[in-house]
Structure formats: C-alpha cells, structure tokens
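K.L.:
One-letter residues, chain by chain:
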Amino acid sequence: QSALTQPASVSGSPGQSITISCTGTSSDVGGYNYVSWYQQHPGKAPKLLIYDVATRPSGVSNRFSGSKSGNTASLTITGLQAEDEADYYCNSYVRRWPTYVFGTGTQVTVL
Amino acid sequence: EVQLVQSGAEVKQPGESLKISCKGSGYSFNTYWIGWVRQMPGKGLEWMGILYLHDSRTYYSPSLQGQVTISADRSISTAYLQWSSLKASDTAMYYCASARDGTFWWNSWGQGTLVTVSS
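Protein sequences appear in the order of chains A and B.
Using our numbering, you'd call the opening residue of the first sequence number 1 and step up by one each time.
Using our numbering, you'd call the opening residue of the second sequence number 112 and step up by one each time.
Treat the hints with care, as some may be off.
Unchecked claim - Residues from chain A that face chain B, not an exhaustive set, calculated with beta carbons under 10 Å:
1) Q1
2) A3
3) Q6
4) P7
5) V35
6) P46
7) L48
8) Y51
9) P57
10) F64
11) K68
12) N71
13) D84
14) Y89
15) N91
16) T99
To be verified - The calculated PhoX-like cross-link candidates involving lysine-lysine, where the alpha carbons are at most 20 Å apart (straight line), are:
17) K130/B to K198/B
18) K47/A to K134/B
19) K47/A to K154/B
20) K154/B to K198/B
21) K198/B to K123/B
22) K44/A to K134/B
23) K154/B to K44/A
Just so you know, these hints were derived from the structure itself, not from any lab.
On a predicted model such as this, the values are computed, not experimentally measured, just so you know.
We treat Cβ as the ideally placed atom computed from N, Cα and C, and that holds for glycine.
Work the whole structure out from these sequences, hints included.
P.N.:
Below you can see the structure in the form of structure tokens.
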C-alpha cells in the first residue's frame with residue numbers, strides 16, 4: 001500500500017488561507033469517507049484535527065476544515081497563525097488490508 | 112479522557128530483542144483498537160499495524176509483516192510492540208494511538224518511544 005500523496009511544503013503569510021491536498025485511489029480516499037488529518041509539531045506526538053473527511057473534534061479551532069472530491073481530500077487552514085507552523089498528515093482507511101495509510105506529510109511554514 | 116503512556120527510550124545493539132509498551136487509561140480498554148506508528152528520523156508517519164483489544168485481532172502493514180509482533184495484555188490495559196532481532200534500520204520514534212471500535216480516527220496518542228539501534 002503506497003502512501004497517499006501530499007505536497008512536501010506549503011507556506012502562507014499570517015491571516016492568509018492555505019489548502020493541503022491528499023491524493024489517493026478508489027481503494028482508500030475515494031472509497032470511504034474515513035479520511036482524518038493530524039498536526040504534528042516538532043518533537044511532539046500527532047494531534048487529531050479532522051475526522052470523517054470534515055468533522056472537527058471538540059477543542060479544535062474552526063480555522064481548520066476538511067473536504068473531499070473523488071480520490072483527493074483537502075485540509076484548509078484559514079486565518080493562518082504562527083502556531084500553525086507544523087507538519088500535517090492525512091490518513092485514510094484501507095479496507096483491502098484492512099488497515100490505514102498515511103499521506104507523505106506536508107510542512108506548513110508561516111512566513 | 113483516554114490517555115496513553117508509553118515506555119521510555121531504549122538503546123539497543125543490532126540483533127537484540129525489544130518489547131515496548133503502551134498503557135491505556137480512562138476508557139473501556141476492550142472497546143478500542145490500538146495502532147502502532149513508526150516515524151524514522153526526519154521522515155513521515157507510517158502504520159505498522161493495529162490490534163483490537165477485545166479479541167486481539169491483529170492486522171499488520173504488508174511491508175512490515177513478520178518483522179514485528181503486536182500484542183496486548185487486557186488485564187493491565189497495555190499493548191506491546193516487539194522485535195526479536197533489531198536492525199539499525201529500526202531506529203525510529205514509535206507512537207501508539209487509540210481508536211474506539213466503529214470509528215476510523217485516532218484521537219489519542221502516546222508520547223512516543225525513541226528506539227535507537229546502534230553497535
């Protein structure tokens with residue numbers, strides 16, 4: 001099972017919006033609405049940001065939103081803040097194994 | 112709130128065995144899945160496998176099957192990741208994570224266990 005494809009890096013200025021894509025196949029991203037997103041600051045454990053494509057857990061800022069079209073899921077961060085500088089990973093259920101697969105990861109830089 | 116606490120950092124030599132742990136609290140252990148995730152130095156997250164605590168069903172990533180063993184002891188709410196013969200390429204940070212049965216997201220994570228394999 002190959003990793004889902006994400007851009008290596010995305011950057012934006014404070015207050016701007018950025019979108020991170022996550023491209024898979026019909027066997028993972030496109031086949032199920034079980035895409036989740038995780039934020040990882042350096043030296044820290046990942047933190048759940050979005051689940052089931054577009055649902056935010058309690059306590060996660062509404063500046064984070066998720067969506068999906070076909071085999072590509074997306075994470076949008078609006079009103080970019082310095083604290084958003086981190087690595088972001090998508091994750092999808094893969095029924096074939098059955099297990100999960102992460103995206104390649106995206107480093108977000110706040111200029 | 113679900114909490115996962117992992118065992119401490121390990122330094123091992125190639126060929127040695129190792130078992131690291133992930134202790135859960137704050138939830139009904141048996142209704143959850145535990146997953147193990149590897150993060151090699153400077154690299155991304157990679158699933159190693161998942162285990163259903165209720166009946167110990169285990170699914171391994173195809174690329175890692177046979178290289179590690181995932182297990183659990185329900186009596187002490189603890190999951191394990193085990194190697195029989197470590198290699199230098201096993202050097203990585205290892206995280207455990209939990210997901211309630213019937214959900215498809217991992218909302219609690221351990222703090223990570225750094226494993227260093229070097230001669």
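K.L.:
Enumerate the violated hints, using their earlier numbering and listing them in ascending order.
P.N.:
4, 10, 11, 12 and 13
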